[in-house]
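**Student:** The residues making up each chain are set out below.
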Amino acid sequence: MKSILTCQGITKNYGAGDIIEKVLKPVDLEFFEGQASVLIGPSGSGKTTLLSILGCLLAPSEGQLLIAEQGVNFSDKSSLTEVRRQKLGFIFQHAQLLPFLTIEENLAIVGRNAGLDETDIKQRLDNLLQRLELRAMRYKHPNQLSGGQRQRVAIARALLHRPSIVLADEPTAALDWQTGKTVVELLLEQARLEKAVLVVVTHDTRMLPLFDRILSIADGLLSEQQQTATTDNTFYTQS
Amino acid sequence: MASVVIAVSTKMLSHNRMRFVMTVTGIAIAFFLAAAQIGLLVGWVNTNSAIINNAGVDIWVMAKETRTIDYGTAIPRQRIQQVRSVEGVSWAEGMLVGWINWQHPEGKNITVEVIGLDTSNAGGPWKLIEGNLESMHLPKTVIVDELSKNALGVSQIGDSAEMQGKRATIGGFSQEVRTFTAAPFIFTSIKNALEYVPYYRDDEISYVLARIKPNTDILAVRDRVADEVSNVEVLTTAEFAVRSVKYWMLETGVGITVIITAVLGLLVGAVIMSQTLFAITQDHIGNYATLLALGFHQKTLRQIVLAQSITLGGLGIIVGLILFFLACNASARSPIPLETTTTVTTGLVAFSLLCCIASSWFSIRAIFKLDPVSVFHG
Numbered sequence: 001m002k003s004i005l006t007c008q009g010i011t012k013n014y015g016a017g018d019i020i021e022k023v024l025k026p027v028d029l030e031f032f033e034g035q036a037s038v039l040i041g042p043s044g045s046g047k048t049t050l051l052s053i054l055g056c057l058l059a060p061s062e063g064q065l066l067i068a069e070q071g072v073n074f075s076d077k078s079s080l081t082e083v084r085r086q087k088l089g090f091i092f093q094h095a096q097l098l099p100f101l102t103i104e105e106n107l108a109i110v111g112r113n114a115g116l117d118e119t120d121i122k123q124r125l126d127n128l129l130q131r132l133e134l135r136a137m138r139y140k141h142p143n144q145l146s147g148g149q150r151q152r153v154a155i156a157r158a159l160l161h162r163p164s165i166v167l168a169d170e171p172t173a174a175l176d177w178q179t180g181k182t183v184v185e186l187l188l189e190q191a192r193l194e195k196a197v198l199v200v201v202t203h204d205t206r207m208l209p210l211f212d213r214i215l216s217i218a219d220g221l222l223s224e225q226q227q228t229a230t231t232d233n234t235f236y237t238q239s
Numbered sequence: 001m002a003s004v005v006i007a008v009s010t011k012m013l014s015h016n017r018m019r020f021v022m023t024v025t026g027i028a029i030a031f032f033l034a035a036a037q038i039g040l041l042v043g044w045v046n047t048n049s050a051i052i053n054n055a056g057v058d059i060w061v062m063a064k065e066t067r068t069i070d071y072g073t074a075i076p077r078q079r080i081q082q083v084r085s086v087e088g089v090s091w092a093e094g095m096l097v098g099w100i101n102w103q104h105p106e107g108k109n110i111t112v113e114v115i116g117l118d119t120s121n122a123g124g125p126w127k128l129i130e131g132n133l134e135s136m137h138l139p140k141t142v143i144v145d146e147l148s149k150n151a152l153g154v155s156q157i158g159d160s161a162e163m164q165g166k167r168a169t170i171g172g173f174s175q176e177v178r179t180f181t182a183a184p185f186i187f188t189s190i191k192n193a194l195e196y197v198p199y200y201r202d203d204e205i206s207y208v209l210a211r212i213k214p215n216t217d218i219l220a221v222r223d224r225v226a227d228e229v230s231n232v233e234v235l236t237t238a239e240f241a242v243r244s245v246k247y248w249m250l251e252t253g254v255g256i257t258v259i260i261t262a263v264l265g266l267l268v269g270a271v272i273m274s275q276t277l278f279a280i281t282q283d284h285i286g287n288y289a290t291l292l293a294l295g296f297h298q299k300t301l302r303q304i305v306l307a308q309s310i311t312l313g314g315l316g317i318i319v320g321l322i323l324f325f326l327a328c329n330a331s332a333r334s335p336i337p338l339e340t341t342t343t344v345t346t347g348l349v350a351f352s353l354l355c356c357i358a359s360s361w362f363s364i365r366a367i368f369k370l371d372p373v374s375v376f377h378g
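So the sequences go chain by chain: Z and C.
Counting along the first sequence from 1, when you hit position 19 you're at 19 in our numbering, and nothing is skipped either side.
Counting along the second sequence from 1, when you hit position 322 you're at 322 in our numbering, and nothing is skipped either side.
Any given hint might turn out to be false.
Heads up, simulated DSBU-like pairs for lysine-lysine below, C-alpha to C-alpha not over 35 Å straight-line [unchecked claim]:
no.	chain 1	residue 1	chain 2	residue 2
1	C	Lys-191	C	Lys-213
2	C	Lys-166	C	Lys-140
3	Z	Lys-22	C	Lys-299
4	Z	Lys-2	Z	Lys-122
5	C	Lys-149	Z	Lys-22
6	C	Lys-213	C	Lys-166
7	Z	Lys-25	Z	Lys-77
8	C	Lys-11	C	Lys-64
9	C	Lys-299	Z	Lys-140
10	C	Lys-213	Z	Lys-122
11	C	Lys-140	C	Lys-299
12	Z	Lys-77	C	Lys-140
13	C	Lys-191	C	Lys-108
14	Z	Lys-25	C	Lys-369
15	C	Lys-191	C	Lys-149
16	C	Lys-299	Z	Lys-195
17	Z	Lys-181	C	Lys-108
18	C	Lys-11	Z	Lys-77
19	C	Lys-149	C	Lys-108
20	C	Lys-369	Z	Lys-140
21	C	Lys-11	Z	Lys-140
22	C	Lys-299	Z	Lys-77
23	C	Lys-191	Z	Lys-122
Listing some non-contacts, in silico: residues in chain C with all C-beta distances to chain Z over 12 Å [said to hold, decoys possible]:
no.	residue
24	Leu-138
25	Glu-228
26	Asp-371
One side only, chain Z facing chain C, incomplete, derived with CB under 7 Å [claimed, not checked]:
no.	residue
27	Ser-52
28	Thr-81
29	Leu-98
30	Leu-101
It is worth saying that the hints were derived from the structure and are not from the lab.
Positions of the beta carbon are idealized from the N, C-alpha and C atoms, including for glycine.
When you get a sec, could you build the whole thing from the sequences and use the hints?
**Tutor:** Following this line, the structure appears as structure tokens:
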């Protein structure tokens, strides 16, 4: 399988001098094309920090992040924006759709920002809205949609510009269990169809069987759980 | 990317229609306030240089240190002949300006500014709506402006009143000859004026008005007149108009007050704009963070804010400009008209738009400080 996203000794510390908080202990990880991973852990364990680093939104204190074997330069904000624009798709806890745009406009501006031509945007938009059963919502505004529908739109928005990596931060937190499960199943299905790396942060352990990999984080220390095993293995982390 | 900027900026603005309308209205009123002050200034400038500019002459000869046309002092009448004899001068006549009392038919006394004119009426009213200009040369006959009818207590040709204790009969009504000093202009012949104005001797006038020969250098003729005619000051029409305007606008402080009010108007507009734009940006700060996280460049977000300030400012200015032109039209025949020129209007619009753009600075600063990682914190 093709390696898409690699973490090499990534750490994150906050503070300075004697008061340093190690939020993330050295992380070595590799994500492959079409692979769906779930990241779990208690609040404050470092999940969002890791997701922010993977999403090129936060610079690590040490280590290197590689996307398609290319090192990410965290000191250059413009190149980080370019990486996010071209290679990353995001799904946020509350969908974060722009309330003043229609669903179609919410999706189209992402395509335009990524440099897709109008024909391509229209095709992708039609295709994703159909796949996610959102065609009837096309001209509605986000406040006219249910929570589940909004997250389906967020999935479409994350995938529209064909990113190689999709990161989701607790996409089901604001949904009931059944709606949340449906959203995650759709997300997995669409990400696999697009052969994108998918990393989902969640608190809901009932979702775990749906993913290829389960990553667990506690006190900044990352470990990988076997789907069938009950004990943790620290394959990719070093203390 | 322009389509993204336009779509996001306009939809973000129009999302809250009431605030959008209120902001445009606020900017329109602020612009109108500033434009009205500037219009008042232009109107005053035009008013206090109108007689000079409409006289149709090239050179004005006057007593030294004359600060404005209204305060001309006596010079000997023989200066007219002296000016005529200067090389390059084709024509010269006299003009007299004096301040006296007019007795209103109801008994009250008001101060008027008498303008005594020579044979060809240079310096006289340029638009007559009733009567004949030549009637001024009839004994005890005067022409007044229609705007002064009420102040003088006259309503038609043939009406008469007392001026400095002597009878004065109305021979005609002019139009758009406004007074800056609140004292109505009374046009008559020099001969008549000398009978009314007690402090002028029969051989005295206030100004010599001259025209130069075609293809002659006006400045050279001005300097020659100044050299050859003693105890006078010589100015071109443009110079005298500027001096008169400067006196009333700057030396009396009237103009400064108007300019300060106009600048305050623009500042109020800029503050309204800045506050609203900042509030809109703050309301949407989460959305901006989302856009940053999704890979939109800071530059694009700044363009969105700038597009919003130009949209709000542009619409406010258009509405304000319409109100201003309506006010100019409505005040055209009033004693205090709002007037403008293409240059003044263009400058005002450009300055107001610049204020609007500058007012987006706080919003752009907020965007600069924005950390896209905040999108993960709700």
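**Student:** Any hints this thing doesn't respect? Which numbers, in order?
**Tutor:** Hint check: 5, 6, 8, 10, 11, 12, 17, 23 and 26 fail, others pass.
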